[in-house]
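Enquirer: Make the full structure from the sequences, and use the hints.
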Amino acid sequence: MKSLGKVVRAVQAFGRELSRPLNTGEPKRIPAIGVALGGGFARGIAHIGVLKVLEEEGVPIRVIAGTSVGSLIGAAYCSGLSIAELEEVAHRVRYTTFARWTLSRCGFATTDRMIAFLTRTLKVRTFEELRIPLGVTATDFNTGEAAVFNTGSIIDPVRASCAYPGMFLPVLINGHWMVDGMLSHPVPSRPLRDMGADRVLAVHLKGQWSKSTAPRHLFDVIGQSFAIA
Numbered sequence: 001m002k003s004l005g006k007v008v009r010a011v012q013a014f015g016r017e018l019s020r021p022l023n024t025g026e027p028k029r030i031p032a033i034g035v036a037l038g039g040g041f042a043r044g045i046a047h048i049g050v051l052k053v054l055e056e057e058g059v060p061i062r063v064i065a066g067t068s069v070g071s072l073i074g075a076a077y078c079s080g081l082s083i084a085e086l087e088e089v090a091h092r093v094r095y096t097t098f099a100r101w102t103l104s105r106c107g108f109a110t111t112d113r114m115i116a117f118l119t120r121t122l123k124v125r126t127f128e129e130l131r132i133p134l135g136v137t138a139t140d141f142n143t144g145e146a147a148v149f150n151t152g153s154i155i156d157p158v159r160a161s162c163a164y165p166g167m168f169l170p171v172l173i174n175g176h177w178m179v180d181g182m183l184s185h186p187v188p189s190r191p192l193r194d195m196g197a198d199r200v201l202a203v204h205l206k207g208q209w210s211k212s213t214a215p216r217h218l219f220d221v222i223g224q225s226f227a228i229a
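Numbering (our numbering), first residue to last: 1 to 229.
To be clear, the hints were calculated from the coordinates, so they are not data collected in a lab. From a predicted model like this one, the values you see are computed outputs, not experimental measurements. A few of these clues could be false.
Claimed, not checked - Taking lysine to aspartate or glutamate pairs in the EDC-like style, the calculated list, with each CA pair at most 16 Å apart, reads:
id: 1; residue 1: LYS52; residue 2: GLU88
id: 2; residue 1: LYS52; residue 2: GLU87
id: 3; residue 1: LYS52; residue 2: GLU85
id: 4; residue 1: LYS123; residue 2: GLU85
Expert: If you want it as structure tokens, here you go:
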């Protein structure tokens, strides 16, 4: 709990600093604040806490970018879900809410169930309808290059951003196979600058992993990989 308190105080202090007018020599202007929500699998629930503190401090968020679970939380928040609604959804979801085990040469699970989840959870369906502009990052499987989606349908970009290679099947978007955005943008702060942010709060969900035990099976390997990422 002490550690959590330190995090809250740090976000409060940084939020106040972010909101200070820009010193540009021109009439004072409130900066455009961007929030980068990094990947982190189940640790992503912490993003809700960060957004909650920023709301409580009255920090005006102009734009959000999300990678992997950060794109999921970001899409829900930008679509209009309140913090209370986000917390309720977070307590209700399970792994099988998003994924379905499948026997495939390219992965162990498909994210097709995420389509139904996003369809019933998001209050809008396209980036253009969001109350806060959002950028969703994914990685082009063939080139390794980062891709940032901020127009059109939200659903497939979020699915792609969460498609951890080897675990989930890649997602085909506009003729390109896309996988988890963590490979190219673990914390998507750079896209926020391109989307007009003057100041950026980057939220990195660093995991803890075991350094002493040997992996016993595939799921140990996958779990350790998520923790390292």
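Enquirer: All hints, please: hold or fail.
Expert: Structure-based check of all given hints:
{"no.": "1", "hint": "LYS52 x GLU88", "verdict": "holds (13 Å)"}
{"no.": "2", "hint": "LYS52 x GLU87", "verdict": "holds (10 Å)"}
{"no.": "3", "hint": "LYS52 x GLU85", "verdict": "holds (12 Å)"}
{"no.": "4", "hint": "LYS123 x GLU85", "verdict": "holds (12 Å)"}
Violated hints are absent here; each numbered hint is respected by the structure.
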